[in-house]
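Novice: What follows is the residue order along each chain.
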Amino acid sequence: MILPRRWRRGFGAAVCALGFAGALVAAALLYANSADGHGVIAAAIQRDRLGALAQMIIAGAGLLAVGTSYSEPLPEDHVAEYYALLAWAGAGMAFLTTASTLMTLFLGLEWFSISLYILCAIDAQLAGSLEAGLKYLIIGGFGSAMLLFGSALVYGATGALRFGEIAAAVQSQHLSHDALLVAGLALVIGGLGFKASAAPFHMWTPDVYEGAPTPVTAFMSAATKTVALVLTLRILVTAFPQEARLWTVTVAVLACASLAIGNLAALVQRSLKRMLAYSSISHAGFMLIAVAANNALGGRALLYYLIPYSAMSVGAFAVVAARERELNAPVTVESLAGFGWERPLLGISLAAFMLGFAGFPLTGGFVGKFYLFAAAYRHGWTWLVIVGVAATAVSLYYYLGVVRALFMRPTEELQLAAVVGGSPPPERLLQAAVAAALVVTVGSFFAVQPLIDGAKHAAGAIF
Amino acid sequence: MHWLTTALILLPIGGALLIWILPLQPFAVGSTALLVALAEVALWIDSVARFDFSRPGLQLDQRTSWFSDLHVSYHVGLYGFSLWLVGMTVVVMAAAIGYAFWAGRDRPRAYYGLMLLLTGALVGVFAAQDLLLFYVFWEAMLIPLYVLVGVWGGAGRLRATLVFVIYTMAGSLLMLASIIVLGLSQGTFDLVGSGTNGSDWIFLGFVAAFAVKAPLFPLHAWLPEAYRESSPEVAAVLSGVVSKAAAYGFLRIAISKFPGPTSDLRIPILVLAGCGLIYGSLLAFRAPDVRGVIAYSSLAQLGLITFGLFAVNDLGLNGAVLQMVNHGLISATLFLLAGGIERRAATGELARLGGMARGRPALATVLMTTGIIALAVPGSTAFAGEFAILAGVFRTGWAWAVVGAVAIVLAAMYMLRLISAVLHQSPGPSVSEAALDLRPAELGILVPLVACLLVLSAWPAAITDRSFGPSPSGLVREVLR
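Protein chains in written order, with this note's numbering: chain P, 590 to 1052; chain Z, 303 to 783.
Treat the hints with care, as some may be off.
Just a few of them, taken from the derived set where beta-carbon distance is under 8 angstroms, the chain P residues facing chain Z [unchecked claim]:
no.	residue
1	Ser-860
2	Leu-951
3	Phe-962
4	Val-978
5	Ala-982
6	Val-1037
To be clear, the hints were calculated from the coordinates, so they are not data collected in a lab.
Backbone N, C-alpha and C fix where the C-beta goes; we use that ideal spot for every residue, glycine too.
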């Protein structure tokens, strides 16, 4: 922030990218060296492979988000703050994935949430950006309050803060039917549900995703979801194993609600960002299936799926950002007509991301869904498999609608005012980010074995 | 371990990638695609030469673990019958690509790349020996088809693709659920030697996917629009090859993995097949345009093939495989001819056609020959196939054979109506004197297809003796499990 104005953008982006790249490398090293998980810093955070893998995903998403952000027309005064906050939010998330006490849980959650509240509202000139920030602040604050209240109840019931000690206290004091504990558990699940944007805690998602600057949406959709779901898995499995019969059913119900609401609402969206927001709600549902399965296969499924999902999510919003800058208007499904032929790289990538979200083979989305359903079946819930399959069938309509708009509608249908000053020059960094996301999306289909091994070791930290 | 099957799958996919990456001129793109398709045919001939038809088991197989914790592997190989279906596929795809090259298509790099990708996926479906791999190729087949119909189709293409995709995906996702349940319950996704299963529900999940893609009555609502709106060569592939992937699925998975449910549910399936057979034949007789006749005849023929498969005896299975190859070639030839007719008359409506035989001997000869084979005149290969199917299904119950025989009479009616409405009668309003006979390039595409049919007519045993080894039903009962 102390740099001369015209250096800020480049310097900020470079430092932020270096930070994320460094975090990626550090997380990879941490992963390699943490075969046995153990608590550090007075056992407030848990150093294990689960956290390290999630940190790698977050750092990767952050790196792609920097590439997406570089050409975003942000107000010059705030560019430096933008990159600083992006890095700060990433750090908060990385901290949160390793939380192993109720204190660090809340600290980490607020750490990244506050950064994101500001990021959403950073573009004060963008209509809706301030509104998005405010909405996210109020509803997110409500979610945090729920989590805090729930934590307090759990602490009140068990007298323990560390996840492992909570489980031990429940075991030794026979608290598994204690009303205080169960109420606390429900509030904790609800609070995390807000962050993961699972129904019925999803109301903020479409407005915030639509209003926030698109690169911020890209980062949020991938990284926030990763951290919220990984943490949900960690806290439920390590702190509440005795209540598994309660929370598996609860999470399965949340998953079904998210699938139903996300998919049905996405069907009627015209704005692409809103559509992707509802699609992200439905994906929260898909991934909660893996959490609900409460077995090692489910953990593996969740951690595997987060890899292609994050890439697809950041990639899709990056393409939206590119189109937005071209048109200088919000992107609707209609305004994508002919885009695939005009910009083959971005068009093919967006089509691949859509097919990946829909779970078509040749993308990691297929393998991910396959593992999720397999985990649900292994838990003995064939009905959940059927729900997931039905939701996938519904989702095809809107995902393929985007592919149809990209390639099958002639450009002439698109009636737009000519862009003033011609098309902007191609954005190399954004294209590189999209290409990288495409490589991860497709590559994770072919390289299942190494990724699933990684996910297996990560999930092995808690199962 | 043998590389040949993998090469058959990867050659067209590699060709597709090559076309997408290299910045070639349109003409070079088309000729590269055609060369790759012909090389694929050559590769298939090589695999026929290496195939030992006296052994009934899996041959030219290759297996590599894909992800080990759920026991999913890349496992491909060929049986006798899949070898013939692969042959039919590569021949029809080469003809379709040749036709597109001759007719000219916009955005050639995308177009030919997708056609080659489709070839690879289809060969993969016939070669996959792992349930999940089968599903991967099955879906990979849908993506290029979706785009091929949706981008290069006629005016109503958007609606046609939407209906097509909704139908097929509804079936496919049920199959995915079945695959997960079956694979996890038996502990492996491998198709070879994994045993049988007795669950009616899992069986029905598979049947749903195959019945939509075939299609079986009453799941055929996507068929007429998809066949009318796509370009002729894509319609040829859809009706000639893609429908056979579904029939193959019935044979390879539904019948051989689920002997119990097959015999439980055989009657309802035969009833649906019989309905499709009669209903499709009647609709074909009433269809107002050339493509309508071929499209509905395809529905009828798939009903007949299903008859043969679900008879589950030597004659029925042999006849069904022969008829799959026959119908693939016939249907592709007819759709490509329909494309030629539409180019000349700018319409496919039978009322506006007629009298095209006069002055156009080549067109008349090719259409007449194909039509005569299609209506199963004795001595033709379709006669051999249909006779074997009827004889096979007769063992199940004489009434089925009666239904089949009636349908064959109906086939003669609609085929002769088509021939007479296009070739004979007085020249229709859309047929101008200036419309040319088939050009040498078109003949170069169609004659090999007809020649294949004539060779099979002379020697149907080339397929019937070399699909299953000595005992087809024994193979289904023992080896395919």
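Novice: Now look at each hint and say whether the structure bears it out.
Specialist: Now the hints, each set against the structure:
For the restraint placing Ser-860 (chain P) at the interface with chain Z, the shortest Cβ-Cβ distance is roughly 21 angstroms, beyond the 8 angstroms limit, so the hint is violated. Because the closest C-beta pair between Leu-951 (chain P) and chain Z is about 6 angstroms apart, less than 8 angstroms, the hint holds. Below 8 angstroms, beta-carbon pairs count as interface contacts, and Phe-962 (chain P) has one with chain Z at about 5 angstroms; its hint therefore holds. For the restraint placing Val-978 (chain P) at the interface with chain Z, the shortest Cβ-Cβ distance is roughly 5 angstroms, inside the 8 angstroms limit, so the hint holds.
Evaluation of the Ala-982 (chain P) hint against chain Z yields a held restraint, the C-beta minimum of about 5 angstroms falling below 8 angstroms. With 8 angstroms as the threshold, the beta carbon of Val-1037 (chain P) comes within range of chain Z, its nearest partner Cβ sitting at about 4 angstroms, so the hint holds.
Of the numbered hints listed earlier, the single one contradicted by the structure is hint 1.
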